[in-house]
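All chains should be modelled from the sequences, with the hints used to inform the complete structure.
If you read the protein sequences in the order shown, they are chains A and B.
The UniProt record's numbering numbers the first residue of the first sequence as 1 and each following residue consecutively.
The UniProt record's numbering numbers the first residue of the second sequence as 1 and each following residue consecutively.
It is worth saying that the hints were derived from the structure and are not from the lab.
Do not take every clue at face value.
The list makes no distinction among identical chains, and a pair is therefore deemed to hold if it is satisfied within one copy or across any two copies.
What the hints assert, rightly or not - Below are the EDC-like pairs computed for lysine to aspartate or glutamate, each with C-alpha atoms no more than 20 Å apart in a straight line: (1) Lys608 - Glu550; (2) Lys553 - Asp534; (3) Lys553 - Glu335; (4) Lys47 - Asp252; (5) Lys102 - Glu552; (6) Lys19 - Asp534; (7) Lys19 - Asp549; (8) Lys242 - Asp592; (9) Lys19 - Glu318; (10) Lys421 - Asp509; (11) Lys47 - Asp71; (12) Lys608 - Asp210; (13) Lys19 - Asp117; (14) Lys19 - Glu179; (15) Lys19 - Asp509; (16) Lys19 - Glu292; (17) Lys47 - Asp135; (18) Lys421 - Glu383; (19) Lys438 - Glu318.
There are 2 protein chains.
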Amino acid sequence: MSSILRRVLHTAFNRPYSKPTHSCGELNATHAGSNVVLAGCILPERKISNRLSFFPIKDFSGTTQLVVRRDNHDQPVLSSLSRVPVESSVLINGRVSVRPTKDRRPSPTGDVEVHVDSFTVLNPAAPVLPFYPSDDQAIVNDELRARFRYLDLRRTALANNIRQRSHVSRLVRDALHTEGFLEVETPLLLKSSPEGAREFLVPSRLSQSDTPLFYSLPQSPQQPKQLLICSGAIDKYFQFAKCFRDEDGRKDRQPEFTQIDLEMAYVAWGPHPNAHNNPWRIGGHEVRAVIESLMGNIWHNVQGIRLPSSFNVITYAEAMARYGSDKPDTRFALEIQNITSLLPHHHQSSLANLGQVLETLAIRRSENLPFVRADDQYQLTDEPTVTRIVLTSTNLLTWLCNLVSPAVDPEHHISLNNVLKVNVGDTLYVSRRHAAPKGGATPLGRIRTQLAESAQNLGVSDVILIVSWLPHLVPGDYVPPAYPHLFTHHPFTAPMWQDITAMYDGRIDEVRGQHYDLVLNGTEIGGGSVRVHDAAMQEYVFSQVLQLDESEKASFDHLLQALKCGAPPHGGIALGFDRLMSILCNTQSIRDVIAFPKTGAGTDPLFKSPATVTNDVLSQYGIQGIRT
Amino acid sequence: MSSILRRVLHTAFNRPYSKPTHSCGELNATHAGSNVVLAGCILPERKISNRLSFFPIKDFSGTTQLVVRRDNHDQPVLSSLSRVPVESSVLINGRVSVRPTKDRRPSPTGDVEVHVDSFTVLNPAAPVLPFYPSDDQAIVNDELRARFRYLDLRRTALANNIRQRSHVSRLVRDALHTEGFLEVETPLLLKSSPEGAREFLVPSRLSQSDTPLFYSLPQSPQQPKQLLICSGAIDKYFQFAKCFRDEDGRKDRQPEFTQIDLEMAYVAWGPHPNAHNNPWRIGGHEVRAVIESLMGNIWHNVQGIRLPSSFNVITYAEAMARYGSDKPDTRFALEIQNITSLLPHHHQSSLANLGQVLETLAIRRSENLPFVRADDQYQLTDEPTVTRIVLTSTNLLTWLCNLVSPAVDPEHHISLNNVLKVNVGDTLYVSRRHAAPKGGATPLGRIRTQLAESAQNLGVSDVILIVSWLPHLVPGDYVPPAYPHLFTHHPFTAPMWQDITAMYDGRIDEVRGQHYDLVLNGTEIGGGSVRVHDAAMQEYVFSQVLQLDESEKASFDHLLQALKCGAPPHGGIALGFDRLMSILCNTQSIRDVIAFPKTGAGTDPLFKSPATVTNDVLSQYGIQGIRT
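Shown next, in the form of structure tokens:
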């Protein structure tokens, strides 16, 4: 550190310094002539001429241009300010002036500059930093950015995401409080299930017959929130809930994440009585109304967009048939077509006997240009059960023959091509699959998603959709202690009331659940359900539907007991706040909307976690490492 | 379950039920004549006469009286409603009527009653419940209440605390957002220090050379929040932060708790330049202003009380001298008096040579009646270094002689008694202690606190106080990785600027820290400091003041590195939200302001945590139980 810096630094420490009078980002022409005090990071000097230098100064609110002229009076200021390392915190005393018209910039403070009278270095940066966040040109690798996250957070784009996240959380809380919701904190040190899969454990210093005891971190506050509503203390609960999932790293997953979690008492068990044409055929429309209003509020305030007051509702069966996905991206029309009924009768019967259907996804040159280009470029062939056919004058009337036997005659091809509106040059993806869809996507659905991800210039705008009427539960759906899917299929979802008899009759495949997913642009950002509130029904679901054994059921004792205390009917939803923010901020990854994220592998290069622990510490918890 | 219940239940399941039109707690005379639909828990029937029964119905908002008359028309309703188990969830269709004047009650809905036309049982309670929350007379043991917390939460008082907690959190967030603070979430899976004391560990499935790796749960977001401010992305940060501390159970501690955590960039390092008589002699007055405004806002809105706009500030030295405590309860005047200077000169010199002082706490019959009664009753003698003397006509002029030698003559006793304003019948607690106080309380301070806790009818109102100017750090203050005290003494606190030279000269005992505690009615509810922002100074504190070794220092590498990037000067505070709510709700324990608390031993009787985990699960984490 140079002696001049040591001196100004000493001055800064040993004297109270003046308070900044303005933020760097708020100065404009109305401040012309004012004396101001600014605090911020000093950015690289731009020498405009031998007589003039610019130094941008930046704080949380923006950047202002500082000006120092090389005349006799300014000489000492300029020579010392030039020596302050970039990114140092400085305090500037100066005077605002309006720039000549030709020098104005379109940035927020672009009309003004601040002539520096004097300055104090509050904290000098090291002469060389790992990288320079103000340098947009430098390519900095992800590992370095993660390790020096506090420097990376100085980048305006990333800082804006973190600030936007706070704004949206405020908006959501305000909206929910206004609708009578109360925020209640639920425990993070919760019960560890004996199976323990996917939960993070927390060793305790308590033990039972010399066996160490563990808490676990919740994957969601599902049980506490249901117990809270069962208590009747609260009729509308919400929480920005910290959740944890110990699973192998994935692109867009974090071991810890945040949910906007809601639950409401006295939700209906059936459709609104006056809404005969309403596609929402289940209960819980109170929850739907809250979510539609909340999302509308966010989009209006953050994006300046008016969403429709009522979101489209599609059933799981329809979503799988038309889009091949339980979280369809309906921003573009590209739809899957089931061509089984267009085949000759004997083909129809043999498919029916196998319980199968034949589907196509057509990429038409006449209408799907972005998809045509993506298809030409990528020629997707990695789905083993999907055949990709480019129609030519040679195969136009024979393309089905390689897929089904006996061969299909040209007349059938002609009518099929007419129905599909395809011609020479178009691409057909053809797939044979089980008629009853399962899981999250069909093979053609995956092709459709890949094409959309590769297609450029789709020119789409946000679409929010509700997927509803999902299959209820079948044995094996319950992967203890958690949910095979982020939000769906927990064992507390109520069956549709029309299907209760089927459920009690053991026709479990026919039972649909009172479940809803919120899908935004093809990403599932939330899910919820109307819950079972009848203890006998919940016990039946555990024993007869999911076929849990006694010890598995025992971990739900408190819930069954709470239902038996006259719990009100209830339902709720949870929204993934990280994903929602990632979509709102248009980032590649949820890591860009989290202040201190972990890597895909679950490590934290900044805090260097996880880390080793000594045996002495472990022994307090009655545990030790397994020697290999 | 009776068949009639099964039938109504079936009805409730199989049909959408009407939405409640009103909350039970909102009905009043303006609703007279309206048809209403109410949903809630049914409470025990009160048979007023052979012809009339009352059933209170309760929801989150309050209780309304339902009326059923035993006439021909109502007979079926009454006989079935009488058979619904208490605490069942019911849906009532009825008509509001105003009570005759003589029957009105002072409760919020006491002017009206609802005549029941029909009802639906939404969920019947079991015929016998573990206890009945509506029964104020029954004494229910704590263990049962904890195990069936969802029933206990039906008690109005407890439910109100949980609701009040939500209101206060909203108030705090609104106030802080309005002042430009942004809420940022920081990681909960953080770095485990090698020492690991007092931290909860979280095993990960990652390992390093076959050694298992662990995260730890944070005791506070101290390091992440400082790094955030160092980044410059945010100038005013706050968070309702989940914190964890693994320590042996105590009356008013929970293994997980919530802090209102703040940090601000560019806080001053010295007193306000225009405030010569201001007792706030350190930096960070920006933080002080935020807290005073915030607390004033809470007290005004929640308690209807105007707090002084500026809280009293007392130094640690003065608090220890006058009240014998670093968190003095100044709601009452009872003060400790140092009588060293009133002793004969040779006693003064010998005390000075020993570095000691002689102090008294006088309980005067003439003025401290509640304390006199407490003293008479408890005759506190459990402090070994304190002598309790009841003044009598015999010992009035000799009482000091048993405490110091050589004997003190009667003339000195007369003048001393005059200064102390004591006479026959008064009690004196006398203590000899080291002149430089250490830790949280002196022996007389503990006596004073015990007397105050025992005294009845003190008739005091809330007093908030700031204790400031604490001793900085000395070797051994740093108990890795945490803080010997809830909030104080972490290694990032800046020295007072007047004492920087003393610190660098190695006169560490003379250095005072830029630290402040917020004390409410003798309870520490918050603490904070101005932080060191200069990397060289922080390194000096680690190495020379705290004498950490290289490996201990290594765990702070990221902080030192962040300071070297030109971090702005910063400071902050953290408030204990559970304690604050406990004081606001006037509860005996913080457990009464937490929805699902743990016992003093750290167990959760509701969720039955912590619990055992199978060896299979543990082995995924590379750990096993230690066999004994």
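Classify it for me, lysine 19 with aspartate 117: is the Cα-Cα distance of at most 20 Å met within a copy, between copies, both or neither?
-> within (16 Å within a copy, 69 Å between copies)
Same-copy or cross-copy closeness of lysine 19 to aspartate 534 [CA-CA at most 20 Å] | between (62 Å within a copy, 19 Å between copies)
Identical-chain pair category, lysine 19 with glutamate 179, by Cα at 20 Å | So lysine 19 and glutamate 179 pass the 20 Å test across copies only (16 Å; inside, 40 Å).
Give the relationship of lysine 19 and glutamate 318 under a CA distance limit of 20 Å: within one copy only, between copies only, both, or neither.
-> neither (62 Å within a copy, 30 Å between copies)
Between copies, within a copy, both or neither: which fits lysine 102 and glutamate 552 at Cα up to 20 Å?
-> neither (75 Å within a copy, 57 Å between copies)
With identical chains treated as interchangeable, where does the CA-CA distance between lysine 19 and aspartate 549 reach 20 Å or less: within a copy, between copies, both, or neither?
-> neither (67 Å within a copy, 38 Å between copies)
Measure nothing new, just compare the shortest in-copy and cross-copy C-alpha distances for lysine 19 and glutamate 292 to 20 Å and report within, between, both or neither.
-> The answer is between: 19 Å across copies meets 20 Å, while 45 Å in one copy does not.
Using 20 Å as the alpha-carbon threshold, which applies to lysine 47 and aspartate 71: within, between, both, or neither?
-> Within one copy only: 14 Å inside a chain, 97 Å across chains, cut-off 20 Å.
Status of aspartate 509 relative to lysine 421 across identical chains (alpha carbons, at most 20 Å) = neither (36 Å within a copy, 88 Å between copies)
Within, between, both or neither, where lysine 438 and glutamate 318 count as close if Cα-Cα is 20 Å or less | Close inside one copy (13 Å), not across copies (73 Å); limit 20 Å.
Please work out whether the CA atoms of lysine 421 and glutamate 383 approach to 20 Å or closer within one copy, between two copies, in both situations, or in neither?
-> neither (24 Å within a copy, 95 Å between copies)
Alpha-carbon proximity context of lysine 553 and aspartate 534, limit 20 Å = within (16 Å within a copy, 57 Å between copies)
Violated hints for the displayed structure, listed by number in ascending order: 3, 4, 5, 7, 9, 10, 15, 18.
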